[in-house]
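The residues making up each chain are set out below.
Number of protein chains: 2
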Amino acid sequence: MDQLQQHQFRSECPINFALEIFGDKWSLLIVRDMIFAGKSTYNDFLDSQEKIATNILASRLKMLEDMGIIQKERDPSLKTKTKYVYRLTPGGIDLIPLIVEIMLWSESRCPLGDELHAIVKRAHRDKQALIEDLRRSAKARKPLGIAGQ
Amino acid sequence: MDQLQQHQFRSECPINFALEIFGDKWSLLIVRDMIFAGKSTYNDFLDSQEKIATNILASRLKMLEDMGIIQKERDPSLKTKTKYVYRLTPGGIDLIPLIVEIMLWSESRCPLGDELHAIVKRAHRDKQALIEDLRRSAKARKPLGIAGQ
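Residue numbers (our numbering), protein chains in the order written: chain U, 558 to 706; chain G, 558 to 706.
So here's chain U without its partners, still in its complex pose (with noise of 0.2 Å):
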């Protein structure tokens, strides 16, 4: 959390925080990776539907590291030491509720697919509960069942 503390932010709103942090067109699509489809490595967000750039996806990952939302480890499983995954921090799980919203903003506005629309209709029925069940798979690494790709 180094790099949060020397980040100087405009403003001491919690809104603007937020913004400096996560507000821009890719960081919170790595972060519905992870909860959504438990994506962990950097093929595997590469390989999103959103098709980000390699440089983008580079820096985004970065900063999310700096700012304490994920955490990127040696994965054991593998045997190339260049290899890491990423995993989601408390912060990043903290998050949850947000993407739930945003996804509830969106789902009247656009077009959703029927996995989709099983989630959508579950935050309908008990939000808290779908968050509570994102929570779980996420700290377990495993995801709930809709693909970002």
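Keep in mind that the hints are not guaranteed to be accurate.
Stated by the list, open to error - Below, a list of computed lysine to aspartate or glutamate pairs in the EDC-like style, where the Cα atoms sit at most 20 Å apart:
id: 1; chain 1: U; residue 1: Lys684; chain 2: G; residue 2: Asp651
id: 2; chain 1: G; residue 1: Lys582; chain 2: G; residue 2: Asp604
id: 3; chain 1: G; residue 1: Lys684; chain 2: U; residue 2: Asp671
Keep in mind the hints are simulated off the structure, nothing from the lab.
Since the structure of chain U is provided, determine the placement of chain G on it from the hints.
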């Protein structure tokens, strides 16, 4: 909403949909200023603590208008014909739960002034009641009580 319909989105994901509309460091600050501070004019927005540049403000207002989040109206109270006021549309007012979640995510991570502290406390006590109050005040075009400057 014509501009919205013409926009080519990168994917059909509802998270991506929202980020393509307001995923930047400024757009939600304008919405924040309208929700919490009752701001409505170009000069009001320019005057906020984060010091948005005029060209960025103009482009974000146009984009928010094109995307159906705000509407521009000629201000009947002013004599000059170039003076406009901006109002949240129902789609803009629907951003309130999302803005509240952003505030709640940030609140334990950044310093808060006294006035904001009171709002956050209300959100913890009864989030839904706060959201309804903010909706009512946004519809009535009156600030609830925290300022964007």
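Take a quick look at whether lysine 582/G and aspartate 604/G sit within 20 Å of each other, Cα to Cα.
holds, 16 Å
Can the restraint linking lysine 684/U and aspartate 651/G be considered satisfied, given a maximum Cα separation of 20 Å?
Distance ~16 Å between lysine 684/U and aspartate 651/G Cα, so the pair holds.
Would the pair lysine 684/G and aspartate 671/U pass a check requiring their Cα atoms to be no farther apart than 20 Å?
Violated, at about 30 Å.
Against the hints set out earlier in the document, a violation occurs for number 3 only.
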